[in-house]
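Residue 1 is where the sequence shown starts when you use the working numbering, and the numbers rise one by one after that.
Hints may be right or wrong, so weigh each one.
Simulated pairs of lysine-lysine, DSSO-like, Cα-Cα distance not exceeding 30 Å [stated by the list, open to error]:
no., residue 1, residue 2
1, K270, K32
2, K41, K270
3, K325, K235
4, K235, K270
Simulated from the structure, these hints should not be mistaken for laboratory data.
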Amino acid sequence: MFFLVFIILLSVILGAYIFTIVRFASGWDMIKEYDRPLGGKAVDLSCVIAFRDEYECIPRLIEGLKRQTVTQCEILLVDDGSTDGSFELASLLTAELSHIRLLKNEGSGKKAALTTGVRAAQFAYVVFTDADCVHPPNWLRNIAYFLGEYNTDLLVGPVKISPVNNRFHLFQCVDFLSLVSSALGSIGQGKAIMCNGANLVVKKEVWLSAQPQLKNEYASGDDIFLMQFCVAHNKTIRFLKNRQSVVETYPQKTMGDLLKQRVRWASKSKGYTDLFTLYVAWLVFLSNLLVAMIPVMLVLDLRVGLWAVGMGGMKMIVDYWLIRKGAVFFNVAVRLRDYLWIACVYPYYTVLLVCRALQGQPADWKGRGIYHKRS
């Protein structure tokens with residue numbers, strides 16, 4: 001009886017998972033790559049970047065911002081209580097750059113820093129990114145022209161992990177590719193489920209309207225909760241599918257850092273309100289949990305185990321199909337043999353992260369806990 005129930009659960013859950021991934025892959029193809037038109041209209045942009053203890057990244061950040069080819073743009077750097085000299089270094093490097101303003105956080109935490117920047121913004125569209133990212137020269141220019149052509153409330157930009165120098169980096173890269181590819185595919189299907197604050201644009205009025213629903217009790221999650229607000233209020237959400245607008249973020253240096261980051265991301269699921277996002281989150285967790293149980297089932301009942309292997313193989317195939325679409329777009333080399341070992345490890349990695357997040361496993365980010373206490 002137990003084995004019959006397991007087979008039914010496995011078939012239903014993995015069947016639903018496979019169907020969902022196929023839909024995301026189809027949604028990916030529905031979004032056409034954007035090429036900036038000649039002589040098009042560009043909007044004015046306010047770029048808000050919150051930072052805390054990013055002394056090593058500040059010079060690279062400022063240099064990348066100086067190389068931007070956009071004409072009408074202001075950049076607001078908001079210091080969230082840095083103690084390593086980041087604020088002083090940023091002040092020195094931007095002293096002669098009139099379009100870059102340096103602000104102090106009026107509150108505490110990243111969300112408060114972003115709010116400080118948004119309220120000081122002069123223009124209707126606000127671009128968000130992180131201080132430890134690398135930005136291509138035409139990044140802001142492409143955003144400005146895209147928004148001048150398409151009316152958009154929330155614009156999700158492409159992000160990738162780079163460089164990839166070893167297997168640990170490759171694992172992070174493929175993991176991130178699966179998230180970004182799913183995000184793009186879901187937007188293409190009109191069922192947006194996620195985005196990344198490293199490359200995100202929103203109308204200022206939308207951000208201010210969303211403030212009560214950005215869940216300030218969570219130290220992070222401003223991007224996902226903003227998207228859920230936009231979904232709930234039928235705002236226009238688009239994806240900027242443009243290779244010259246890809247923002248790069250660095251891989252984590254150690255497994256401990258990776259687990260902290262991913263647990264922080266997973267912990268935000270407690271605040272999800274969008275039903276489809278919750279459905280996908282639980283579907284991903286349960287499908288990986290069932291796949292992780294395959295070795296046990298092979299020992300307990302060979303026939304059931306072989307059925308599970310077949311279903312797990314189908315999951316691996318559709319996952320690879322979607323990830324390959326992302327890999328081609330982001331120009332990332334993911335060989336089949338590398339994908340196979342990552343796919344074998346991934347279910348256990350996912351189950352570990354979700355369990356730690358749901359159990360309230362403590363984790364910090366730049367010296368702060370995942371959650372803020374409610375007032």
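We went through each hint and held it up to the structure:
Using a Cα cut-off of 30 Å, the hinted pair K270 and K32 is violated, with the two alpha carbons roughly 33 Å apart. For the hint pairing K41 with K270, the CA-to-CA distance comes to about 41 Å; that exceeds 30 Å, so the pair is violated. For the hint linking K325 to K235, the alpha-carbon distance of about 27 Å falls within 30 Å, and the restraint holds. Between K235 and K270, the direct Cα distance comes to roughly 23 Å. Compliance with the 30 Å bound is thereby established for this hinted pair.
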